[in-house]
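Participant: Residue numbers (the working numbering), protein chains in the order written: chain A, 4 to 340; chain B, 4 to 340.
Certain hints may be false.
Which copy is meant is left open, so a pair is good if it fits within one copy or across any two.
Stated by the list, open to error - Result set (EDC-like, lysine to aspartate or glutamate): computed pairs, CA atoms no more than 20 Å apart in a straight line:
(1) Lys316 to Glu16
(2) Lys154 to Asp50
(3) Lys243 to Glu16
(4) Lys298 to Asp50
(5) Lys20 to Asp116
(6) Lys316 to Asp254
It is worth saying that the hints were derived from the structure and are not from the lab. Please read all numbers here as calculations on a predicted model, not as lab measurements.
2 protein chains.
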Amino acid sequence: MKVSELGEFGLIEHLAKIAYQTQGKETTPGQQLIIGIGDDAAVWHGDARVELATADSFIQDVHFSLGTASWNELGWKALAASLSDIAAMGGVPKYALVSLSLPGDTEVEDVTDLYRGMIQVGQQFGVAIVGGDTSNAPLVIINTTVLGSTKGRDMHILTRSAAKPGDKVAVTGYLGAAAAGLEMLTKHLIFDPEDGASLERAFLHPEPRIAEGQLLLEQGVKTAIDISDGLVSDLSHILKASRVSAQIVIDRVPIHPAVKANFGDKAVELALSGGEDYELLFTASAEVTRQVITKASCPVTVIGNIIADKIGKITLIDREGKPFRPTKTGWEHFATS
Amino acid sequence: MKVSELGEFGLIEHLAKIAYQTQGKETTPGQQLIIGIGDDAAVWHGDARVELATADSFIQDVHFSLGTASWNELGWKALAASLSDIAAMGGVPKYALVSLSLPGDTEVEDVTDLYRGMIQVGQQFGVAIVGGDTSNAPLVIINTTVLGSTKGRDMHILTRSAAKPGDKVAVTGYLGAAAAGLEMLTKHLIFDPEDGASLERAFLHPEPRIAEGQLLLEQGVKTAIDISDGLVSDLSHILKASRVSAQIVIDRVPIHPAVKANFGDKAVELALSGGEDYELLFTASAEVTRQVITKASCPVTVIGNIIADKIGKITLIDREGKPFRPTKTGWEHFATS
Chain A
4 MKVSELGEFG LIEHLAKIAY QTQGKETTPG QQLIIGIGDD AAVWHGDARV
54 ELATADSFIQ DVHFSLGTAS WNELGWKALA ASLSDIAAMG GVPKYALVSL
104 SLPGDTEVED VTDLYRGMIQ VGQQFGVAIV GGDTSNAPLV IINTTVLGST
154 KGRDMHILTR SAAKPGDKVA VTGYLGAAAA GLEMLTKHLI FDPEDGASLE
204 RAFLHPEPRI AEGQLLLEQG VKTAIDISDG LVSDLSHILK ASRVSAQIVI
254 DRVPIHPAVK ANFGDKAVEL ALSGGEDYEL LFTASAEVTR QVITKASCPV
304 TVIGNIIADK IGKITLIDRE GKPFRPTKTG WEHFATS
Chain B
4 MKVSELGEFG LIEHLAKIAY QTQGKETTPG QQLIIGIGDD AAVWHGDARV
54 ELATADSFIQ DVHFSLGTAS WNELGWKALA ASLSDIAAMG GVPKYALVSL
104 SLPGDTEVED VTDLYRGMIQ VGQQFGVAIV GGDTSNAPLV IINTTVLGST
154 KGRDMHILTR SAAKPGDKVA VTGYLGAAAA GLEMLTKHLI FDPEDGASLE
204 RAFLHPEPRI AEGQLLLEQG VKTAIDISDG LVSDLSHILK ASRVSAQIVI
254 DRVPIHPAVK ANFGDKAVEL ALSGGEDYEL LFTASAEVTR QVITKASCPV
304 TVIGNIIADK IGKITLIDRE GKPFRPTKTG WEHFATS
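Could you put the whole structure together from the sequences, leaning on the hints where they help?
Facilitator: Okay, here's the thing in structure tokens:
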């Protein structure tokens, strides 16, 4: 059935039924929810903590293509990207509002799959979809807002602006796999099946580092960002906000093994500028960083140092200490190439 | 300058500077704000009240046309529409997240005007723009999320589901002017200058009924919705959610004088189904309704009664009690015509 046959209100009702699964008594956030989808606004009991909110747009043929992602994967990824922003603050995500804009001839089954993808990632990370909007549009646009709060009642959060000279620069997980996955899918590259599966999963099914963000906070980290635009680009946000500079040792950057194995010289570029890995990039003292490495359930790698130099400057050096120049510096959505 | 020349991060920085105006110490919401635009998420102190959130999409050539609205008006209207949803809950709007998707050749000056329109309506209603997202897109898409709370600490809110047989049905202000304004602008109709100005203002510069929503709550009203899709369509949302029926006396519907004066027989249709008036439609006992009429600073008109009949049924009668049939029943965004 087409979306146009169901009508806007029919579609809302249909999605509301699916979303109610996430608003039940079993999910923690549902316990504070008063009204979910179906009224003018979502309503819940506040708890006097520090509140967080983030919004993202996912636009067809800009941020995604229906040729490389299934509707279900698209739903997962769109919501995961917003959850990643809450992870980068060390927050606890709780509620999501999802606005879907769709061509009238979209199959309702496809929208259902999209929504199910969102509900899957929502349930995995304790997030209920409580509202949003649907409308007609010439292309698919997914707008997600995620609301969350801090674990404690104080304003203990990870910001971009607390990096200090002497801090180590570190990342969770491996980099470059999402961008490599996109390249594999669009260019129909054939790799070893396990490598192919890893890269596809990295691109289509990213997992926001919610637990890791909270661990960083608990261990005393003050500065973090999620890697959505690319390591270099996202690091530069930290450097500018903190008014510091950084030195990154290229050979320490944890390039995903499947990227290293299949992309030759391009592997470094994918890891530095690929984006969409949704790993956390953070800075902290050597001691705090060591604590994080000890306690994290994922690999955490030190890749460089925060230094006092020209604000925003990133010096990339290789293992011999020689300067290294990347060919790209993150995704600038508007930039003309 | 084009948006593409400024780049995504340049645009964010530019908009953040403008938005800081709304986050200063003079505005009430700013006092609780910890981090606005420029980090991974907006952050503020919760106050243990009941929290509200609503999201809307405004899509070029679906919800608006750049031929009938200036960028500034577009900004005003997009945010006003979301504020209206908070008004319909009787809430106090506090923070907004704005995601802008724009073609790269959009003039930065136009985006600035759009943002200024949002800031104007935000400042008028005490709302700070604290976050969002910008991205490239083949058409202009504005997604607004508004966060608010109840005035008190209890869950005292206006819902769609509390209408009871015996309730009066009433509306704030006048209806039909926004749809008439759209028709005037698209068909280049020439009216008496004052009428023309009223209709244009109604369509381009709607004022969310924030104070009126709070007044309704204070006076004991339990059921309300804002008229975004049209009186008949929005009333039917209340009726379905409350499992009741309604009888509306056509001659009691407060058609805007400028619509009555210039649209002949079509005036009734515009008032019943035109949409985008952003007035509040509510139901309450005769006594509560009288109190609201006495205390409201805008006209409030009783237009019918809630009755116990087939769920969702709306009976339209004229002054002689004869049945009346509208030609349209609200805007169904997806419905094929």
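Participant: Each hint needs a verdict: does it hold in this structure or not?
Facilitator: Outcome of the hint check:
1. Lys316 to Glu16: between (51 Å within a copy, 18 Å between copies)
2. Lys154 to Asp50: For Lys154 and Asp50, the Cα distance is within 20 Å both inside one copy (11 Å) and across copies (15 Å).
3. Lys243 to Glu16: So Lys243 and Glu16 pass the 20 Å test across copies only (12 Å; inside, 45 Å).
4. Lys298 to Asp50: The answer is neither: 29 Å in one copy and 33 Å across copies each exceed 20 Å.
5. Lys20 to Asp116: Within one copy only: 13 Å inside, 39 Å across.
6. Lys316 to Asp254: within (19 Å within a copy, 70 Å between copies)
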